[in-house]
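Add chains U, Y and S to chain B, keeping to what the hints say.
Number of protein chains: 4
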Amino acid sequence: MTTPAHPIRVAVIAATGYGGIELLRWLTAHPAVEIVAVSSESSAGQPLTAVYPHLAGLEMALLPAAEARFHGEPQVVFFATPNGTAMQLAPAVLARGGKVIDLSADFRLKDPAVYAAYYGRAHGATDWLARAVYGLPELDREALRGAALVANPGCYPTAALLALAPLLRAGLIAPRGIIIDSKSGVSGAGRTALQTPYLYAEANEDVSAYTVGAHRHQPEIEQQLTAAGGEEAVITFTPHLIPMTRGIFTTAYGPLTRACATDEVLAIYRDAYAGSPFVTVLDATTLPHTKWCAGSNRAFVTARVDARAGRVVALAAIDNLGKGMSGQAVQNMNLLCGLDEATGLERPAVYP
Amino acid sequence: MTTPAHPIRVAVIAATGYGGIELLRWLTAHPAVEIVAVSSESSAGQPLTAVYPHLAGLEMALLPAAEARFHGEPQVVFFATPNGTAMQLAPAVLARGGKVIDLSADFRLKDPAVYAAYYGRAHGATDWLARAVYGLPELDREALRGAALVANPGCYPTAALLALAPLLRAGLIAPRGIIIDSKSGVSGAGRTALQTPYLYAEANEDVSAYTVGAHRHQPEIEQQLTAAGGEEAVITFTPHLIPMTRGIFTTAYGPLTRACATDEVLAIYRDAYAGSPFVTVLDATTLPHTKWCAGSNRAFVTARVDARAGRVVALAAIDNLGKGMSGQAVQNMNLLCGLDEATGLERPAVYP
Amino acid sequence: MTTPAHPIRVAVIAATGYGGIELLRWLTAHPAVEIVAVSSESSAGQPLTAVYPHLAGLEMALLPAAEARFHGEPQVVFFATPNGTAMQLAPAVLARGGKVIDLSADFRLKDPAVYAAYYGRAHGATDWLARAVYGLPELDREALRGAALVANPGCYPTAALLALAPLLRAGLIAPRGIIIDSKSGVSGAGRTALQTPYLYAEANEDVSAYTVGAHRHQPEIEQQLTAAGGEEAVITFTPHLIPMTRGIFTTAYGPLTRACATDEVLAIYRDAYAGSPFVTVLDATTLPHTKWCAGSNRAFVTARVDARAGRVVALAAIDNLGKGMSGQAVQNMNLLCGLDEATGLERPAVYP
Amino acid sequence: MTTPAHPIRVAVIAATGYGGIELLRWLTAHPAVEIVAVSSESSAGQPLTAVYPHLAGLEMALLPAAEARFHGEPQVVFFATPNGTAMQLAPAVLARGGKVIDLSADFRLKDPAVYAAYYGRAHGATDWLARAVYGLPELDREALRGAALVANPGCYPTAALLALAPLLRAGLIAPRGIIIDSKSGVSGAGRTALQTPYLYAEANEDVSAYTVGAHRHQPEIEQQLTAAGGEEAVITFTPHLIPMTRGIFTTAYGPLTRACATDEVLAIYRDAYAGSPFVTVLDATTLPHTKWCAGSNRAFVTARVDARAGRVVALAAIDNLGKGMSGQAVQNMNLLCGLDEATGLERPAVYP
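Residue numbers (our numbering), protein chains in the order written: chain B, 5 to 356; chain U, 5 to 356; chain Y, 5 to 356; chain S, 5 to 356.
Don't take every hint at face value.
No copy is singled out in the list; a pair is fine if it fits within one copy or between any two copies.
[Claimed, not checked] Quick list of in silico lysine to any residue cross-link-like pairs, SDA-like style, CA-CA up to 25 Å:
#1 LYS114 x ALA313
#2 LYS114 x VAL137
#3 LYS114 x ARG312
#4 LYS114 x ALA147
#5 LYS114 x ALA263
#6 LYS114 x ASP310
#7 LYS114 x GLU63
#8 LYS114 x THR32
No lab work stands behind these hints: they were computed from the structure. Values in this document were obtained by computation on a predicted structure and should not be read as measured data.
Same shape as in the complex, but just chain B (with noise of 0.2 Å):
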């Protein structure tokens, strides 16, 4: 594998979380990358290896994060931090030239006032905000090639936007009276949330629905769909937390505009995403697994016509980890430095 002759020099902000070691596993198999600074607040000063042995391999000094956005002078730089630390670290990244892909919601919700109403801060740099691209490629990758500054989607997001957007933008179906029922394996939570009920013997064996009515990715949601649709989003959206590590598994409902078959849905999703790499239509026989997307950036997306009911029901599988998080933020790379979107990311799932 030859690596070009001035690869990409990266950093990643928050290197240990799991949307941090993420990153790791798809930019050291990047061909075009190289990482030249990894940070951890907790960890600074300590190797990489010593808090992840299975990155044998990858020899660096974890650095604070206010040092490592600079250091080695990265051009493009991954923020796989809480929220509320891009805001303040990634300004000055982008002032002095660098390209910024957000992995937290800092730079997801345009009105600052819906940020402050959901995650209990005011938003500490809207001038960015205005000028941050939502980083989802399918439904919008003109708007990434040449961005500064990406916003990438939360994993709930990502897998209902695929699944609903197509059928907003034709027409389809309503934006109102859409349902969005997803299940989230675990990872979802981080690394870092030793809370009771993300330990084994409570996750393992149950399953549970959780902030009903009141989660944080659901104005992401509304937002994206009203922009697809062009009409006002209202949805229901109610995730559960089922055991296992990685997966996002989307049921959506949406009510149809008009009588329409299976396949008139399935044509319109093939024509949305004829030039996506990792989105795969599947067809009338088959619906999609989450571990078909497990360590890849794939997603599956389906519908079924539910004719008596006058209603679709949208499906999609996605890795949370993977097209929900991590592997997008490679893809969204590739387009704001120019290369090929694939580039780096087309590796099959780990199956079984």
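Showing chains U, Y and S alone in chain B's frame:
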């Protein structure tokens, strides 16, 4: 523990399936029951403990079903058989005055044409079908007292009906536009389902929907919701397989017929389940968990109103083999035999 | 189910840990017991069902331990407390004539110096330590009848001793050269162990050994094997954490003192456990499974002779929270109180 | 990523088993490989993606094995076939000058009588058996360079040999008295093993030993340990099935031939694996985890001396489908074809 002078003699047909051994688990600890016969076609002639060493202490020989149903003159015969068997073997039991609790689908659907359409065979005992009582005690326990033949509900219907029937009865939700999104553990497929999707390496770390729009429990749910609401119910039902052994979690979405608050919905539940020892209505701060039901006959129910969308989100958790199957069957036996409904069933979940 | 005219009044100290709620599960179904007090330091003042909704029906207020141990004049006080607590709180109970069953390690190691070395504190009740009886009924149930203070065995020791003690007693294996390789579910870490390795996303799909050569159960096993064989036992003990909630599987390797066949070993087991209702000796064609024990007080034991290597492979499976902890504690209570050893404990595993 | 002007043409026989799709995962990302043929007997004629939608992008038709081994003139043919197939189909490939890497057991055991005893059939290609090279590069990579036929090691032997061979070579442990206690994920049973014990509901929350004293990998391990130590090795080997999909964790116990400290053992490992890119020797403070290997070709090895017992505890973790099977097969291909051993294999584990 004293046993009554004359315990109820029971037989378990198909005792070596998951429904069967779960029945045995409940019945061996029941203070008023004597198990007089157990059957298995594939293991007839063997001792039960040769198939299930964990039942050490329950030393009985497995008989063929046709023989076991009469062996020891059982007063109650449980059929934990594949669909199509009880309709053949139960009438003779009933004719002799025995009571039958059928855990299969044979006597659940009142319309033989619907049965034929969904189960692929003509119904072979339509006279008894007309006399069968649908055995969800929380919705109509009076009909069960003294009944001869009980159609024990399906696992999905049990959870869905507990969440939705009181709201339909109260006229709070409309019978059309209901969506039922259910998540089930893998034991629902049974022990004889030697198929690739049920292998550990395939089902682990995987979620998927299946039989979207075509599951056999859909007409059963609609039949009972129609009965509850007095108007034809049309539902969209999506079952999912998730990586756990036991448990069903149902998230149901119903269109409100008028504005109301969450507390009002909860009050309806509390009223409906005031005399039901196995349904716990959770308040507005607590959401159900399937782990709370594991190995028990308990159901947890709650709801949240989504005022923006004019919809109620109703949630229920059960053990698919407990309240969703064999625990409920024993509850029905208690009612049939004039015992206190909770006899032998008051055990908390095995947690964690 | 009739309760005796005068049920045994019991208190459960630390009722909200995994050992505690497992005790409650057994005790609520015990025909001769009345639970008069339950304690929790962290949730004192709250109702028990606020912490554990699955215990619906068991409406009791949580008291501080120091109060609960006397509240309602319990005749038996179970300490499911962290190590170091029972030695402080139990003596006053004992002084008043109450019986104590300690599920912690406080009274297991007869030598206070070994306790201090392994548990990092001086023993605070050495007088009671001398009078405590090690509570593995299958090895010495006579010592338990009428005892005042029981040291309930550790989970690993329970499985290891059931597999090995009869063979040492029979002189079939040598006390030096024994290797014990154990595999435990994650619930053994308890509910308050909010540490990264016990998070679902970390423990799932992972196996590892831990505290190799340094586990606290090693001196406990050696003490009891020494007692069984009459000669100092020296073992190599390796505990492993495996991705399941409940269960311990122990594979022990013992050097044969003379040539013998598998059947002879099994005969020794059968003889040793002839009067023990909770130990099932499996024959030469069947190997134990932890699933056969889940939620029950049963142990499965068997062995195979490796003639080429001059070694016996002894295998045991238990539920770490059942026979390995709370089930065994109730079994000990039965013996202490003159009840049949099996009272309230005769339930098969929850399978699957 | 540039591909060489003349990539190596490879065929995968039995591409739809777990070994086969894992090979495809590695080979599609290998920079010097072109997959020219894939086979499946049961799905011959179908596209590969009809069987495995997650391989979207790898559009190839499945051929019968007899045809696929020559289709497209492969230079290397991988046999991921059931035992007994490669010995029939491989000789013709070898006769034409193709190289063969056999992932089955057909060419592992040098003594045809031992093969017959353990695999229940006479060996059908004893001439090639004599010429086959056992493919564990870390123990003898020179023998692999330029070899024509490689017997890819079994999963258990890989972990056991990595942990034990260097210690035997160094004369630190005696070749008799070794105990190997291994814990494997369920994927080792393969995808076509439609048997009750491999069902999710049976394997989940269960641990058991199996084929105690009779596993087919025992003579393979003994053969290679004998080769390593120069003296006949006699082992006791106990495989266990644990509830996870991927991974093998091996805990081996070896009698020390002389007193030594843990650090000395680790130094022997470090020396043995100095030139081995895929073996990480962990220091005295860190124990291996299978999760660190998931989806990778890496092995983690360490040891602890139990001075009291005069024994070393050697521990190894691998992915049974990675270093234990298909990753190792690709590593062998690299050596056979004169590539750098690590080509296409340098990916960290998918964590968590």
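Structure-based check of each hint:
1. In this homomeric assembly, LYS114 and ALA313 come within 25 Å of each other (Cα to Cα) only across copies, at 22 Å, whereas the closest approach inside a single copy is 35 Å.
2. In this assembly of identical chains, LYS114 and VAL137 lie within 25 Å of each other by CA distance solely inside one copy; the values are 10 Å within and 57 Å between copies.
3. Taking the shortest alpha-carbon separations for LYS114 and ARG312, only the inter-copy value of 21 Å comes in at or below 25 Å, while the best intra-copy value is 38 Å.
4. In the homo-oligomer, the alpha carbons of LYS114 and ALA147 lie at most 25 Å apart inside one protomer (15 Å), although the nearest pairing across protomers, at 58 Å, exceeds that limit.
5. With identical chains, the CA atoms of LYS114 and ALA263 are never at most 25 Å apart, being 34 Å at best within one copy and 31 Å at best between copies.
6. Only between protomers do LYS114 and ASP310 lie at most 25 Å apart by alpha-carbon distance; the minimum there is 24 Å, versus 34 Å within a single protomer.
7. For the identical chains of this complex, LYS114 and GLU63 are neighbours neither inside a copy (39 Å) nor across copies (41 Å), given an alpha-carbon limit of 25 Å.
8. Taking the closest pair of Cα atoms, LYS114 and THR32 never come within 25 Å of each other, the shortest separation being 33 Å inside a single copy and 40 Å across copies.
Violated hints for the displayed structure, listed by number in ascending order: 5, 7 and 8.
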